[in-house]
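**Q** Chain by chain, the residues run as shown.
Protein chains: 4
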Amino acid sequence: MSLAEEFQGVRNHSLKICENLITEDFSLQASEEVSPPKWHLAHTTWFFEQFILVPNDPEYEVKHPQFNFLFNSYYNSLGARTARNHRGLMSRPSVSEVRSYRAYVDEAMKGLIQKNDSGLNQLVILGMNHEQQHQELLLTDLKYNLWFNPLNPRVMDIGEYANEPQSNWISMKEGVYQIGYKGDSFCYDNELNSHKVYIHDFAIASALVTNGEYLEFMNDGGYDDPKFWHDEGWAWIKDQEVKAPLYWEKQDDEWFYYTLEGQKVIDKSAALAHVNFYEASAFANWKGLRLPTEFEWEVAQDQFEWGKRWEWTNSAYLPYPGFTVAPGAIGEYNGKFMVNQMVLRGASVATSPNHSRPTYRNFFHPNYRWQFMGIRLAKSL
Amino acid sequence: MSLAEEFQGVRNHSLKICENLITEDFSLQASEEVSPPKWHLAHTTWFFEQFILVPNDPEYEVKHPQFNFLFNSYYNSLGARTARNHRGLMSRPSVSEVRSYRAYVDEAMKGLIQKNDSGLNQLVILGMNHEQQHQELLLTDLKYNLWFNPLNPRVMDIGEYANEPQSNWISMKEGVYQIGYKGDSFCYDNELNSHKVYIHDFAIASALVTNGEYLEFMNDGGYDDPKFWHDEGWAWIKDQEVKAPLYWEKQDDEWFYYTLEGQKVIDKSAALAHVNFYEASAFANWKGLRLPTEFEWEVAQDQFEWGKRWEWTNSAYLPYPGFTVAPGAIGEYNGKFMVNQMVLRGASVATSPNHSRPTYRNFFHPNYRWQFMGIRLAKSL
Amino acid sequence: MSLAEEFQGVRNHSLKICENLITEDFSLQASEEVSPPKWHLAHTTWFFEQFILVPNDPEYEVKHPQFNFLFNSYYNSLGARTARNHRGLMSRPSVSEVRSYRAYVDEAMKGLIQKNDSGLNQLVILGMNHEQQHQELLLTDLKYNLWFNPLNPRVMDIGEYANEPQSNWISMKEGVYQIGYKGDSFCYDNELNSHKVYIHDFAIASALVTNGEYLEFMNDGGYDDPKFWHDEGWAWIKDQEVKAPLYWEKQDDEWFYYTLEGQKVIDKSAALAHVNFYEASAFANWKGLRLPTEFEWEVAQDQFEWGKRWEWTNSAYLPYPGFTVAPGAIGEYNGKFMVNQMVLRGASVATSPNHSRPTYRNFFHPNYRWQFMGIRLAKSL
Amino acid sequence: MSLAEEFQGVRNHSLKICENLITEDFSLQASEEVSPPKWHLAHTTWFFEQFILVPNDPEYEVKHPQFNFLFNSYYNSLGARTARNHRGLMSRPSVSEVRSYRAYVDEAMKGLIQKNDSGLNQLVILGMNHEQQHQELLLTDLKYNLWFNPLNPRVMDIGEYANEPQSNWISMKEGVYQIGYKGDSFCYDNELNSHKVYIHDFAIASALVTNGEYLEFMNDGGYDDPKFWHDEGWAWIKDQEVKAPLYWEKQDDEWFYYTLEGQKVIDKSAALAHVNFYEASAFANWKGLRLPTEFEWEVAQDQFEWGKRWEWTNSAYLPYPGFTVAPGAIGEYNGKFMVNQMVLRGASVATSPNHSRPTYRNFFHPNYRWQFMGIRLAKSL
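Chains as they are written, first to last, in the working numbering: chain A, 1 to 381; chain B, 1 to 381; chain C, 1 to 381; chain D, 1 to 381.
Don't take each hint at face value.
To be verified - Output of the computed footprint for chain D on chain A, the stretches with three or more beta carbons under 8 Å from beta carbons of chain D:
hint, region
1, 47-56
2, 103-116
3, 194-201
4, 311-322
5, 336-343
What the hints assert, rightly or not - Derived DSBU-like pairs (lysine-lysine); straight-line CA-CA distance at most 35 Å:
hint, chain 1, residue 1, chain 2, residue 2
6, A, LYS196, D, LYS250
7, D, LYS250, B, LYS227
8, A, LYS243, A, LYS268
Stated by the list, open to error - If the Cβ cut is set under 10 Å, some of the chain D residues that face chain C in the computed set are:
hint, residue
9, GLY9
10, ASN12
11, HIS64
12, HIS86
13, ARG92
Just so you know, these hints were derived from the structure itself, not from any lab. Ideal Cβ positions, reconstructed from N, Cα and C, are used throughout, including at glycine.
Using the sequences and the accompanying hints, generate a full structural model.
**A** Right, here's the structure in full:
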């Protein structure tokens, strides 16, 4: 498949995700952390326009002079932008104008890809990976936004909850291991450099924690005993009056959760999702176990199945030895977020096809829950 | 015109206001105080359904069991409701479903009006007046919501700024005056009872304060000198960094304002709008004058033109002697808001036809500015 | 008694209030609305220094150049000042230095009073009245601050709760009444001008509402039914989880309150205190009655006993006809607070001797409870 | 020196720090993060009472039944406690009562130490180290609290700013290093277990960053260019309007800082203090360098002088391999804080004698500045 074809495939997938939405759904923004579908569709397009077309195609004319203001996400070096919590207020341009914007940029991009001598390929691939990241957010933000609707709308099926197999312990030996990406294909700067890490004896679970296991923790008073919790986690559950994972709701003694297929009775044998780092840690403490480090996860990952849940690790999101920030706006992609976030490894049911690998580092603040975040347990030996 | 025809006329007017909107505009809610157009369209419909159809038409079936939850505004006696700041998050029901809801209720209402022996007329007229109040909010909320859009959308012309005539002083004599509504037509409970008020000698301006006059106050440092301001007003302008009326923006030494026709250079000879009570009071103090009381306004109003701006008075919103709260949900209409609000008198360019009279009492918190609020000066003699 | 003697009497009374305090108590500030005893002692002294000594005594040297910054309360025209919520952080000057400051200013003031030809008397009397106002706050702030201490300290007895007599209705006739101060002694500017008000037939209770009557309201679900409450009051009790007056605490089915004598079982026959305007209004609504206006209270007050509680009225704090603001800093005393506050009439157990009269207008935001605020009921006839 | 003598030495040092304070200073609490001197004196005493005397001395009687409530800091397993931001409101017990409490517990402790067969020694030593930690906080909290006083009080000299020597680069070779404490003396649980870490080639500066170097960063627009900053750091400086380290103030083009000796002109050749992790990182980025990891710092520390400043590392505060939480309340000492904090290494001018070692891990949220936090630069080779 040619790069232009791959490009168009990624672009089409974003629209595919939205195929069941009504026009009104495209503007939903229920909190500052999530973005409306229309914004995701426009912002990923803007990324190609600003980072590739404008600097490299002298004949390219920007679609609209204010789209740079409207659809910049966080690139300070590219100027002022819409306040993050106002993204849902941009009723204009309309959904149909944003679709036109996409088509317009797609044509220009394919023209540029075909006439360029591969010097831009790396940047095009970055843009495609960027869009794939937003495809996951598009889905998870949508779920979060629709959850506020008392009508419990059903919009699509992505197989959120499937049976999780029986778990067993995979043991790994102490020693120096190689960590980080070292192939020739695409990776993010935060996966570099490939470097050595000393790891001590440990074991890691072959399966994820299930809803049923987490329910045992809840029924055993897990949310009522501070000894399982980080101090901040305890403050968070008390302040927010949290008693269960996100989207869970108890009705007449039965637990339900909201899914993109509508509200359902929880499936005890499926992998748990929508817990944050505090909850993941508290659950592990209650079990007398712990979360793996991101390094342990990476060196053991070829011995277990993964890909349903982003899995919390006990590693903070920090630069690898020799990490350097790229010059210009692209340099704002990863490095500036390396504080106060925890690393998640793996991929989830919402991750786009071909957008995962063993060295991929996802990261979120420890209180976030709206991604398909799950738990895999570990222990020191 | 029959009551059914009047009813349909009021109902049509709500849709007429929205005729230039695109589907995406119908969900905008830029702050907790304003509501989306779709919500106004649905809530005014719900009012007829809940207060008239459900209790009085045994054959009526509610359109949807959850619309009572979705479209209740603040009637505690009618049960739980959507959080006020979540009104913009209800992407479903769609705009077209809300239009169907309106048509469905209209039919049922007209049927009920025709077969009833006028016992419900008073309630129907209250519902029509309620909808007219929301028509004004629909317009002013829309202006506020669209103002957040950097594209400065133009959606309609309601003649926001027209020339204001020269002002002169109208003097009134001390004595006992009759205040409040005493006719046979519709009025709100807060205009009753008609009662006596002792008023001292005063004069009131025949014209409203203009943009040009307010600009003199601004240029004279009006926003920088605490001696003109209430203590709370001063704290408010410092905290919010306010330097001008709402919607005003300075570009290269020239002042512009946003209107529903798009952004324009300010017209100095037009009546000022979008100042709050603190600003109105500070301006009056700067002039060595004051705002009128609502009683002074009422007894002098037949001697000047009014209807362009809601005019701030220096009267707090309080019950008239002998005021009583109606039983049931209708009793929540006015009385429970009688604290911490100031009375405005008159009507504005956004007021619906036939929805104003000399005894009408509008009221807002002293910091609100998004209505077409203006200033008429007064002085004691 | 000479003015100098009266002056010294007022000054001594402030120290008398503090006689049982330990040094540590003098710095307490539990919220922005209350001030530490040391601050009250210093601020009332600063008032005499800045408004009388500095402008009128050419030989007077200010005690310390930064005391104007430290002890200004809210006079914008006198320059910058300590942030209100930082008053408790001024460990220096010490309590003993503030006592020296008081003695130093007292000497200078008495010298000035004796040598001046009465031209300053009005200002001296204003300063004395200002200090008497702070004496009340000193007591009520102290109660509030000490209430945070789990040791329930006992510091003095001011007879907070005494038996309230049986109540009966006092009826008054419709007509024009004279309102406001018109004698030759001291009054505040907000009591002027004496003017005419038209009052309709009404009756007012001869006694205050008791703790026992309020407990009936509580036991009858008064805090659970929105129909008794202003919309803002309902939001306030839900947000703050209020179930009882300030200082009340339930232990094993019995209600206690904190007093300056320590914690006690409530006395059902004593006059209720520490309710805000929302609670006072809700109680009145529950009774099918209402609060009096400040005008009704004033014209009826010579027919009942008052002086134990500040009594909430249903009048907003607004200027009387012809009210004018004095030039300079003294003009900041009252006028700038005339928005969003309700008038209380009477005096309380914490009011200093000789600091009450029938035309006195106290005022507080409707949510405040820490003064000895009570309820007297009224009804229209 | 016997353990009892060492114990008394530590206890005396706390009082020594307070020797220049006046009674009013002992209650200061300017923000939730800092505590009043009186609280530190009482809380360290409570620690011995609750963790050693109550469980181990059957004859010991607690000084006061409510001191457990008043002086618990964050031990959930020991019951309810004073809200952290209310510590400054406890005017009672008085300073002198807290001194008595200290003497009472000291006597009981010395009795217990002398009669016990060393089984408790480890716990006594933990209590002494706990008190030494609070001695540092006592000093730094005091500085913070007094800084709010416009009188710039001078209370003691601890040599905050001394000349920093010229810096040069110390290079270290790649390989596996041993990290963590492995001696026989006291260490905290977070320094265990001693374990292997793989470190890559790096160099570390022999000296700390000076005020003069940081001033160059400021003058070069360091606070105005987002490219040097973490995204959260940039948001923090914009939100807080930060332009300089804590305690710095510009007067007529000259920079001053507040010290415990009063306000002084900054000394350009002294080691910088009072910057947070965001500022430390931004400074390093501006230099084209980086902060060291805590492991790099530990393996290189014997080749440079340290002890003036707590030094920010780029390591998040996480458990070492095999870390386990002790059972009971002592287990709340460290583990529950292992999220969202960064490690600082070294010691500062405020650290108590004998309270530092190369493996000591201090930790704070990345936005905190009130400790004597400084910067040591590093680079990868």
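**Q** Taking the hints in turn, state whether each one holds.
**A** Right, here's what the structure says about each hint:
1. 47-56: Violated, because only 0 residues of the region 47-56 of chain A bring their Cβ atoms closer than 8 Å to Cβ atoms of chain D.
2. 103-116: Violated: only 0 residues of the region 103-116 of chain A have a Cβ under 8 Å from chain D.
3. 194-201: holds (count 5)
4. 311-322: holds (count 7)
5. 336-343: holds (count 6)
6. A:LYS196 / D:LYS250: With a Cα-Cα distance of about 47 Å, the restraint between LYS196 of chain A and LYS250 of chain D is violated, given a limit of 35 Å.
7. D:LYS250 / B:LYS227: With a Cα-Cα distance of about 30 Å, the restraint between LYS250 of chain D and LYS227 of chain B holds, given a limit of 35 Å.
8. A:LYS243 / A:LYS268: Cα-Cα ~17 Å, so holds.
9. GLY9: violated (28 Å)
10. ASN12: violated (23 Å)
11. HIS64: holds (9 Å)
12. HIS86: holds (6 Å)
13. ARG92: holds (5 Å)
Violated hints, in rising order: 1, 2, 6, 9 and 10; the structure is consistent with all others.
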